[in-house]
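Listed below are the residues making up each chain.
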Amino acid sequence: MSEKPSRRRFLQASLTLIPVVTLAPHTAFSATPSPRGDDSTESSSKFSPRYFTASEWAFINAATEHLIPEDEMGPGATECGIPEFIDRQMETPYAHGALWYMQGPFLPDVAPEFGYQQRLTPREIYRSGIKACDSACQKNHGKPFAMLDVASQLNVLKQLESGEITMEDMSATLFFSQLLKNTKEGYFADPIYGGNKKMAGWKMIGFPGARADFMDWIDHPNERYPLGPVSIDGQRS
Amino acid sequence: MAIEKPAVDAVIVGFGWTGAIMAMELANAGLEIIALERGEMQDTPETANYPNVIDELAYSTRGKLLQDLSKETVTIRHSVNQIAVPYRQHGAFLLGNGVGGAGFHWNGMSWRAFTQDLRVRSHYQERYGEKFIDKEMTIQDYPVSYEELEPYFAQWEDVAAVSGKAGNVKGQILTGGNRWEAPRSSEYPLPPLQSIYGAQVFSKAAAELGMKAFPVPAANASSPYTNQYGVRLGPCNFCGFCEGYGCYMYSKASPQTSILPALRQKKNFTLKSRSHVLKVNTDSTGKLATGVTYIDSQGQEVFQPAKMVILCAFQMHNVRLLLLSNIGKPYDPVSGQGVVGKNYAYHMNSSVNVLMPKGTQLNPYIGTGAAGSALDDFNGDNFDHGPLGFIGGASVYHLRTGGRPIQQSKPLKDGPSWGKGWKASVQQDYQRTLPIYAQGSVMAYRDTYLSLDPTYTDVHGQPLLRMTFDWHENEFSMIKHAIDGATKIGKAVGGEVQVNLRKSGSHFDTRAYQSTHTTGGAIMGDSPNNSVVNRYLQSWDVSNLFVMGACVFPQNLGYNPTGLVAALTYWSVDHIKKHYLKNPGPLVQA
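The listed protein sequences derive, respectively, from chains A and B.
Quick note on numbering: the first sequence equals residues 1 to 237 in the working numbering.
Quick note on numbering: the second sequence equals residues 1 to 590 in the working numbering.
The shape of chain A in the complex, shown without the other chains:
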């Protein structure tokens, strides 16, 4: 609510930058027209986040687009709906830490081989991590992450990955790995979860999605599978 108009305009502008056309590797085989047309392919720009605040949403959009950028292999994170995916995941038991054993005592300093020993849930990791990252960016560059130029953003992400940015509640590497893991999930999970729009993640590697029946191709060794992906709710390509 306290944001300056200029920043809000920036967010709106940055979220509507959608590539015109993206050709995926399997276009040659995807002759079957989509029975649903393009109605299931709305981009993240039309999505209103339920968990993330406006400034967090700006961070998520900007950061995920670096993790999975748009290029000749296909669309990037924002066009794929990955920010939407992550926001929707924040409302699931997973993000509340409800799938994990969360009883204390917590001994976070044991050897890393013993796995996650923090009490933070994914929701808290994002809330606290974005705040800490934006504070660091404000301090070092005078702007939050989403307002930095592309080269500076890339640099900050590398610093998060290597743990160079200091955070009070956790290591920056924990925050980064949470973000990276959920970003890849949003790229490759079925489109029903809001990411992988137009099944772009699947097309990029040539995964046929929910086809799940290869009886007729098991005896075609070393031959490209001829059909494009389908999704759980019936999208084809």
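No lab work stands behind these hints: they were computed from the structure.
Do not take every clue at face value.
Said to hold, decoys possible - To be clear about the criterion: a stretch of chain A counts as covered by chain B if any three or more of its residues have a C-beta under 8 Å from a C-beta of chain B, and this derived list gives those stretches:
id, stretch
1, 122-136
2, 168-175
3, 195-208
As the list claims (entries may be wrong) - Listed next, the in silico DSSO-like pairs over lysine-lysine satisfying Cα-Cα at most 30 Å (straight line):
id, chain 1, residue 1, chain 2, residue 2
4, B, K5, B, K582
5, A, K139, B, K420
6, B, K503, A, K181
7, A, K158, A, K139
Note that this is a predicted model, so its numbers are computed, not measured.
Each residue gets a CB set at the ideal place from its N, CA and C atoms; glycine is no exception.
The hints should help you fit chain B onto chain A, whose structure is shown.
Chain B alone, transformed into the frame defined by chain A:
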């Protein structure tokens, strides 16, 4: 006060593979049976229907079919001097939950044991001398031989509609099968699955080195099959969604697919889900079980009296129930005394990745849980261990369980993990990466065991199970030998070979998935001094208590455990039916 239910002949705790086998066989014998499963009811039409089950995020990523760790987990430490911490998130092993247990979401690799696997201590002493076995190694022979178990392996393979190619029928070595396998009485119920392309490449490369690969025995039906219970399985279509999923094709054997359709017709069988057993009750002497106490689906405490109690929960949970019920003497690693929790073991795995030429179409999504080729040249005692100095071995194989992109499209080692470079690497390598795996045995040691945790509790306030486990040099040497072999095969395939070897000095890492093949803790043996159960899987301490599952393995073998688990269950129930029911009491005199 607990609600008391009418008594039954047998109460079965846990309804995975061993619970389903026990229930079916004892129901056929006319017993009144109640099976208590703490998880949800789940069956193919509701839990594994197409297309909803083809959902990598919900199932294998978030673990829809896995144990809810928020309610109960285990704690883990590497050595007796450390404080154990909870296994807070699923990682190294994936505990099952609900009707079918891990048998609902498994892959279906169905092996028999080698003859020498069941008499490891005697075999190594005979071939390599007494001094060959390290003093800290607490391995012991199974109190049952392969020859005794053979009919029960055959029975299991019929129930699970196992597809494969025999390599040894009654001593005759057959082309195309595993020449090292112990003699079988007959061929597999079904011919092998069609060979995926990667398996053809692997087999050809192995052949160039003089090794004969064979089809992995698969509880994924290669064609329609009706098993001895009259249940029909359909042919596998290589959908690539076995591990972590139920099978929508009714092709992968599971308690649901292979037994329940016949079992649920029986009026003398009742299955209660959402029923969590807290303990086995015993009488004032402590020598006889009177039944079990459980929390029912409404949260009420219930006492279920029974003439027999059969523990069929997962390996770890059976051990925990024994400890929580004060049955048997807990193992003490300092004195070496006690048996409950003793000889916990695992699998030691490593792999190599072969990067085949660009343009290769391995089509990794065409797969099934046990679709692949294996060889046993590095397994069991099929090679001279004398100059190598270690015990055990590993199965080496190429397998394609699917090409599910969230978990199975990882970039190769040292590649970029995000950005354009990551996209390029994943796109290029997805189709041409051929993994070769080595799954190796883990021996039992004085300092690897299970006990109750002094600090952490489950949702009911009962102590969690505590695992004390780390790797030993023997296993590092074993897996290096197998991976050296796998590397040679990889080089014969052609292309760049990347080796992912678990190296000496590293510690058990709970984070990345390795294997759910946890074993031991309620081991079988020939004396109450060295074991929890006798050769018929009957408790030495409480004669109307039987304990099933991989918890009875004295140490682990270089194969997936389910075939041996199931064979031991059929062996046990056959003796219960033939001898115990006529004359209840110890089947072996201590």
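Hints and how they fare:
1. 122-136: violated (count 0)
2. 168-175: violated (count 0)
3. 195-208: holds (count 7)
4. B/K5 x B/K582: holds (25 Å)
5. A/K139 x B/K420: With Cα atoms ~29 Å apart, A/K139 and B/K420 stay inside 30 Å; holds.
6. B/K503 x A/K181: Judged against 30 Å, a Cα distance of about 26 Å means the pair holds.
7. A/K158 x A/K139: holds (17 Å)
The structure does not agree with the numbered hints 1, 2 stated previously, though it agrees with the rest.
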